[in-house]
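Asks: Sequence:
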Amino acid sequence: MTPNFFQKIILVLSVAVFMQISACYGQNVVIPGAWRTENYFPFLRQHLSIGVVANASSTIGQKHLVDSLLSAGIKVKKIFAPEHGFRGEAEAGEFIQNKIDEKTRLP
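According to our numbering, the sequence shown is numbered sequentially starting from 96.
Among the hints, a few may not be true.
Derived lysine-lysine pairs resembling DSSO-like cross-links, with alpha carbons at most 30 Å apart [claimed, not checked]:
| no. | residue 1 | residue 2 |
| --- | --- | --- |
| 1 | Lys198 | Lys173 |
| 2 | Lys198 | Lys158 |
| 3 | Lys198 | Lys172 |
| 4 | Lys172 | Lys194 |
| 5 | Lys198 | Lys170 |
| 6 | Lys194 | Lys158 |
| 7 | Lys170 | Lys158 |
| 8 | Lys173 | Lys158 |
Hints in this document: simulated from the structure, not taken from any laboratory.
For clarity, every value in this text was computed on a predicted model and none was experimentally measured.
Model the full assembly from the supplied sequences, consistent with the hints where possible.
Replies: In structure tokens, the structure reads:
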């Protein structure tokens, strides 16, 4: 066996390992739909007003989805939320009445 043969074997194995490693890193990335603002912000800006169904984990980065929409100039008229409230301030099982959000002044 010649040194050239070993170089070819090492090259082929290196390429195979590199392909395995690169395949592992690109497949399991989950991007939440809310973060893909380029896909829906232009559409939402065209409409007069929207309602948002959200919970406390509905965020874009560290900012709540509703706050992000409002800062982008999208007209949010109403927020619908599950039992803990959309900011997560209510305890489990606590009755939540219709109220105005203190930060956004939205119902």
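Asks: Are the Cα atoms of Lys172 and Lys194 separated by 30 Å or less?
Replies: 13 Å, holds
Asks: Decide if the proposed pair is consistent with the structure: Lys198 and Lys172, CA atoms, cutoff 30 Å inclusive.
Replies: Roughly 14 Å separates the two Cα atoms, so the pair holds.
Asks: Take a quick look at whether Lys194 and Lys158 sit within 30 Å of each other, Cα to Cα.
Replies: It holds: about 21 Å lies between the C-alpha atoms, which stays within 30 Å.
Asks: For the pair we were handed, Lys170 and Lys158, check the Cα-Cα distance against 30 Å.
Replies: 17 Å, holds
Asks: Against the 30 Å threshold, does the CA-CA distance of Lys173 and Lys158 hold or violate the hint?
Replies: 18 Å, holds
Asks: With the threshold set at 30 Å, check whether the alpha-carbon distance from Lys198 to Lys158 stays at or below it.
Replies: 13 Å, holds
Asks: Would you check the hint for Lys198 and Lys170, treating anything up to 30 Å between C-alpha atoms as holding?
Replies: 15 Å, holds
Asks: Tell me if the straight-line CA distance from Lys198 to Lys173 falls inside 30 Å.
Replies: Given pair Lys198, Lys173 holds - Cα atoms ~13 Å apart, limit 30 Å.
Checked against the numbered hints given earlier, the structure satisfies every one of them.
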